[in-house]
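**Q** Read top to bottom, the protein sequences are chains E and U. So that you can map any letter, position 150 of the first sequence is 179 in the numbering used here, and since no number is skipped, the others follow by simple counting. So that you can map any letter, position 106 of the second sequence is 168 in the numbering used here, and since no number is skipped, the others follow by simple counting.
Simulated from the structure, these hints should not be mistaken for laboratory data. These numbers come from a predicted model, not from an experiment. Just so you know, even glycine gets a beta-carbon here, dropped at the ideal spot from N, CA and C. Be aware that a few hints might be false.
With a straight-line Cα cutoff of 30 Å, these simulated BS3-like cross-link-like pairs (lysine-lysine) come out [what the hints assert, rightly or not]:
id : chain 1 : residue 1 : chain 2 : residue 2
1  : E       : K263      : E       : K69
2  : U       : K398      : E       : K78
3  : U       : K315      : U       : K159
4  : U       : K398      : U       : K362
5  : U       : K108      : U       : K64
6  : E       : K182      : U       : K438
7  : E       : K182      : U       : K445
8  : U       : K64       : E       : K183
9  : E       : K79       : U       : K69
10 : U       : K95       : E       : K78
11 : E       : K182      : U       : K168
Quick look at which bits of chain U chain E covers, simulated, 3 or more residues with Cβ under 8 Å [said to hold, decoys possible]:
id : stretch
12 : 389 to 396
13 : 541 to 552
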Amino acid sequence: MSKKKNVAIIENEDSLFRFADKTDARESEKIIAPRYSYWKSVFRVFFRKKVNWIMISLLILIFLTAFIMPFLWEYDPMENVADSKTFNLSPAKAMDYFGGFSFKYCLGTGALGNSILYGIVASSRTSLSLAFICAAINMTIGIILGAVWGYSKKIDAVMLVIYQIVANVPYLLVVSVIVYIMSAGFWSLIFALTVTGWLGIAYFFRTQVMIIRDREYSLASRCLGTPINRMVSKNILPFITSVIVTLLATELPSYISAEVFLSYLGIGLSADVPSLGRMIQQGQTAFRTFPWAFWPPVIVAAMITIILYVLGQNLADATDPRTHML
Amino acid sequence: MKKYLAKRILFALFSLIVVVMIVMLLVYSLINKNVIFQTDDTWNKKSSNDRTIYEYTQYKKYGYVEYEDYSSFIKDKYTAIYGEDYYKQTDFLNDKKAIQDETTFKENVSVQEFVKKYQAEGYQIIYLPPVKYKSGKTKPGGNGYLIATYEKSVFSRLWDYAKGFISIETKNQVEDPNLTDRYIRFEKDPYSGAFALVGSGTQHKYLIYFDSRFPFMHFNWIHINLGTSYTTYRGQEITTVINAPTGKVIASKQQYPAMIGTDEYADTAIDFHSVTYSDVELTGEEKDLFTDNYTVYTLKREGLSMIETSFLIGIIATILAYMIGIPLGITMSRHKDGIVDKIGNLYIIFIMAVPSLAYIFIFAAIGTSLFDLPYKFANAEVKVLAYVLPIISLALPSIGGLMKWVRRYMVDQMNSDYVKFARAEGLSEREIYKTHISRNAIIYIVHGIPGSIITCLTGAIITERVYSVPGVGNLLTVALAQHDNGIIVACTVFYTFLSIAGIILGDLLLCKVDPRISLSGEGGGGR
Numbered sequence: 030m031s032k033k034k035n036v037a038i039i040e041n042e043d044s045l046f047r048f049a050d051k052t053d054a055r056e057s058e059k060i061i062a063p064r065y066s067y068w069k070s071v072f073r074v075f076f077r078k079k080v081n082w083i084m085i086s087l088l089i090l091i092f093l094t095a096f097i098m099p100f101l102w103e104y105d106p107m108e109n110v111a112d113s114k115t116f117n118l119s120p121a122k123a124m125d126y127f128g129g130f131s132f133k134y135c136l137g138t139g140a141l142g143n144s145i146l147y148g149i150v151a152s153s154r155t156s157l158s159l160a161f162i163c164a165a166i167n168m169t170i171g172i173i174l175g176a177v178w179g180y181s182k183k184i185d186a187v188m189l190v191i192y193q194i195v196a197n198v199p200y201l202l203v204v205s206v207i208v209y210i211m212s213a214g215f216w217s218l219i220f221a222l223t224v225t226g227w228l229g230i231a232y233f234f235r236t237q238v239m240i241i242r243d244r245e246y247s248l249a250s251r252c253l254g255t256p257i258n259r260m261v262s263k264n265i266l267p268f269i270t271s272v273i274v275t276l277l278a279t280e281l282p283s284y285i286s287a288e289v290f291l292s293y294l295g296i297g298l299s300a301d302v303p304s305l306g307r308m309i310q311q312g313q314t315a316f317r318t319f320p321w322a323f324w325p326p327v328i329v330a331a332m333i334t335i336i337l338y339v340l341g342q343n344l345a346d347a348t349d350p351r352t353h354m355l
Numbered sequence: 063m064k065k066y067l068a069k070r071i072l073f074a075l076f077s078l079i080v081v082v083m084i085v086m087l088l089v090y091s092l093i094n095k096n097v098i099f100q101t102d103d104t105w106n107k108k109s110s111n112d113r114t115i116y117e118y119t120q121y122k123k124y125g126y127v128e129y130e131d132y133s134s135f136i137k138d139k140y141t142a143i144y145g146e147d148y149y150k151q152t153d154f155l156n157d158k159k160a161i162q163d164e165t166t167f168k169e170n171v172s173v174q175e176f177v178k179k180y181q182a183e184g185y186q187i188i189y190l191p192p193v194k195y196k197s198g199k200t201k202p203g204g205n206g207y208l209i210a211t212y213e214k215s216v217f218s219r220l221w222d223y224a225k226g227f228i229s230i231e232t233k234n235q236v237e238d239p240n241l242t243d244r245y246i247r248f249e250k251d252p253y254s255g256a257f258a259l260v261g262s263g264t265q266h267k268y269l270i271y272f273d274s275r276f277p278f279m280h281f282n283w284i285h286i287n288l289g290t291s292y293t294t295y296r297g298q299e300i301t302t303v304i305n306a307p308t309g310k311v312i313a314s315k316q317q318y319p320a321m322i323g324t325d326e327y328a329d330t331a332i333d334f335h336s337v338t339y340s341d342v343e344l345t346g347e348e349k350d351l352f353t354d355n356y357t358v359y360t361l362k363r364e365g366l367s368m369i370e371t372s373f374l375i376g377i378i379a380t381i382l383a384y385m386i387g388i389p390l391g392i393t394m395s396r397h398k399d400g401i402v403d404k405i406g407n408l409y410i411i412f413i414m415a416v417p418s419l420a421y422i423f424i425f426a427a428i429g430t431s432l433f434d435l436p437y438k439f440a441n442a443e444v445k446v447l448a449y450v451l452p453i454i455s456l457a458l459p460s461i462g463g464l465m466k467w468v469r470r471y472m473v474d475q476m477n478s479d480y481v482k483f484a485r486a487e488g489l490s491e492r493e494i495y496k497t498h499i500s501r502n503a504i505i506y507i508v509h510g511i512p513g514s515i516i517t518c519l520t521g522a523i524i525t526e527r528v529y530s531v532p533g534v535g536n537l538l539t540v541a542l543a544q545h546d547n548g549i550i551v552a553c554t555v556f557y558t559f560l561s562i563a564g565i566i567l568g569d570l571l572l573c574k575v576d577p578r579i580s581l582s583g584e585g586g587g588g589r
C-alpha cells in the first residue's frame, strides 16, 4: 500500500523535473540575480532626488563663475582708491556714478571704492580652492593613517598618546604661529590647516576601522591568511565609503568657515589675496550703515557651504548600499 | 576604578606638561622674534647700535631673552659705594667712557668684572663697538655698548614656570625680624561676621574668608600663578586680570582695623579682605588706622570680572540649549519625516554648514532691528538687555547641534530589538518613548554636559568680539596679535586643563548614568 504511493509520487516528479545536462561545472555555480553595479546604483539613488539636480547645477554655476570669471573681470581692490567719491556707494548710487547699468557695480562699492561683485567672484575662487585642497590633503593622509592606526594595535598605543596631546594644543595657536613663521599667504594657510588637521580625521577613521576589524567576516578572512594590505583595501575601505563621504560633507564647508573665522581675527591670508573672510571682516565694522558691502559675501559664503554640505550628505546616503534596494 | 582614575589623572598631567612644552617651543623658539618690530615706530626711529640695544630690551620685555646692560651694572656698583650721587663721581664717569674705545675697553676693571660675573652665569657677552664717521665723530645712535644676554632653553623655562605655578603661604613667608608673633588660625572675621582663616607672617592676612560675592568662599592661601602678561596688561598676573571686577570703584561705610570695637566708621572703598604685608615701616597716618603691618590693599569695584561675564553668558546659553535642544530632538524623532522634522533638519543644516560668523551677524541684525536690543555691550542703557543677544547667539548653534545628536541617537534606538519587543508586549508609544528610548538615547548626551559647562569659563571668541563683551574669550586672540607670550602660555594651560577636566568628568558621569559602562575594562561589554 505504502510502496505504491511512493512510486506514484516519483512518477509525478519525473514529469516535473528533468536532469540538467552535464555541461559546465562553473556555470552551475551561478545564482541568477539582477545585475548589481555599486557605482551605478549610487548615482541612480543620488539623482532620484530633485534637490540634488538643483544643487549640482548651482555648484557648477558657482564653480564656473569663480574659476572663469576672474579672467574676464580683473579684480583690483585699489583701482578707485584715488577717488574718495567712489567709497561705500550703494548699488544704485554706484551705477549712477559709473554711468548706467554695469555688472561690475550692481552690488555697490566697498570702503575703498572696490567693486563688491568682482571681489566676491575673486574671493569665492580662493575659498573654493582652499577648501578643496585642504580637504584633499587632510582626507588622504587621515584615511590612510587612520586605516593603519586602527588596524595595528602597536601603532594604536603610540598614536593615541600623540593624539590626546596634540588635540589639546589650541587650534588657533597652531594656525597663527605657523602663519607667523611662514608669513601670511595662501599656501602657508593651507599648511597651517593641514599640519594637525589630519589627526582628527585619522582618529575618526581609527574607530571606524576598529569596529569593522573585529567583525566576523574580517576574522574569517584573517584566519584564511589574507595579507594586511588586502584586508584594508578589500574588507575595510569599501565598507566605510559612505562614512568617508559623510565626513567630506562636513569637512569641505568647515575649511571655508575656518578661513572666514581666521580672517575675521586678522590671522591667515595676506592682504593681497581676496577672500570671503576678509570681505566679511571689512564689511562688518559698518554692517548697518553699508549693508551692501557686508551681506553679499556672507550670503555667498553661506550658499557655498550649504550646497557642499547638502550635496555631500545626500551623496553619503546614496553610497550606503542599504539604500540601493529597489 | 580608583586605580583607573589615578592613571587617567596622571596621564592628563603628563599631557598638560607636554602641551605647555610644545606651546613654549612654538612661541619662544619658532616664531621669528623680529615680527614684533614690524609696526613699531620707536624701532624705526632708532638706528645703528641704539636699534640693536632697543631690540634686546624689547626681547627682554616679551620674555624671549634675559638681558643685562653694562651701564646698569656700573650704576649698581657705584650706588653701593657712593649712594645717590654716584653719577658725579670720576670713577663712574671713567668706567662709563671706557667702552666707547674699542681698543682699550678690555683693560678696564669694571668691564672685566662685568664679563666675569655674567660669563659665570652662562650669559653670552656681546660688545657693540662705537660706530664713527671718518672724522672720528660718533654717528647718531652709534654709541658703544657692552651687554650680556642669555636665552633660556625650553626645559628651564618650563621648570621655572612649574616652580612658580602653585604657592601656598606659610607663617614664615614674610622676612621681617621685627615680626615675632607668627600663626595661622581660625578667627572671627569682623567684616563678614563669619569665621576666617587668618594668618600672621603670611603674605595675605585673610587666607580663607567668606563674603557676599560669588563664589562666596575665597582663597588667598593657595595661589595659582598662570603667568604674567608682558604687553596687553603690563606686568599683571593673568589670574588677577581675569578675576578682578572691571567696574567703577565703590565706597561704603567700613571700619579700619583700628576702629573695630568702636562706633567710628569711615567712607572708603578698601577691600579689607585683600590686605597684604608691607615691609616698609608704617607712616603715622597708617598707624592710626591699621593695627598691624597688613596695609597694602586693593579697592572694591562693582560689576563682574572678565571670567564671570563669560561664564554667566555661557552657562545661561548652555542651560537654555539643553532645555530646548533635547525636547526638540525628541519631538523630531517621534515625528520622523513629519513637518517638525523637516523644519528641524533645515535648521540643523543651516547651523552645521554656514560659517558661525555669518549666523551670529544674522542673529545680531534680527535682534537689533526687530526687537530693538542693544548691539554693543558697552552702549547698553539697561545692562541686563546687553546679555540677551550674546546668550541667544551662543545658545542657538548649540541647540542645533544637540537636536542633531538627540535625533540621531533616538532614531538609532527606535530600530533596536528591545523597542520592537516592548511594542509587541503592548506598551503604549508614550511609555516606550518616555521610559525606554529617551533614557537610552540621553546617555550619550550626558557625556558632553560637564565639558560644555566647564568650557563656559573660556568664553566665546566670535560672540564676544561681535558684541564687544568684556569677557575672557578674546584673551588668546589679542595676546597672539600683541605677541604677549605670557598670556599665550597661560591661556594654553587654562584651556587644556579645562578641556581635560571636562572629558574626565564626562566619562565619570557616563558611568554613573549607565551602569553597563565600565571605564577600567573590568567587566562590562567594553574592551
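**Q** Now tell me, hint by hint, if it's right for this structure.
**A** Consistency of the hints with the structure:
1. In summary, the hint linking K263 (chain E) to K69 (chain E) is supported, as the alpha carbons are separated by about 19 Å, within the 30 Å threshold.
2. Taking the CA atoms of K398 (chain U) and K78 (chain E), the gap is near 19 Å; set against the 30 Å cutoff, the hint holds.
3. This hinted pair does not check out: K315 (chain U) and K159 (chain U) have alpha carbons roughly 59 Å apart, beyond 30 Å.
4. Annotation: proposed proximity of K398 (chain U) to K362 (chain U) is violated, straight-line Cα distance about 56 Å (limit 30 Å).
5. For the proposed pair K108 (chain U) and K64 (chain U), the alpha carbon gap of about 62 Å is over 30 Å, so the pair is violated.
6. As the CA atoms of K182 (chain E) and K438 (chain U) are separated by approximately 53 Å, the hinted pair breaks the 30 Å bound.
7. Taking the CA atoms of K182 (chain E) and K445 (chain U), the gap is near 56 Å; set against the 30 Å cutoff, the hint is violated.
8. With a C-alpha separation of about 26 Å, the suggested pairing of K64 (chain U) with K183 (chain E) holds against the 30 Å cut-off.
9. For the given pair, K79 (chain E) sits about 54 Å from K69 (chain U) by alpha-carbon distance, which is inconsistent with the 30 Å threshold.
10. Restraint check: the Cα-Cα separation between K95 (chain U) and K78 (chain E) comes to about 56 Å, which exceeds 30 Å; the hinted pair is violated.
11. For the hint linking K182 (chain E) to K168 (chain U), the alpha-carbon distance of about 64 Å lies beyond 30 Å, and the restraint is violated.
12. Check on the stretch 389 to 396 of chain U: 0 of its residues sit with their Cβ under 8 Å from a Cβ of chain E, so the three-residue criterion for coverage is violated.
13. Coverage of the stretch 541 to 552 of chain U by chain E holds in this model, with 3 residues showing a Cβ closer than 8 Å to a Cβ of that chain against a need of three.
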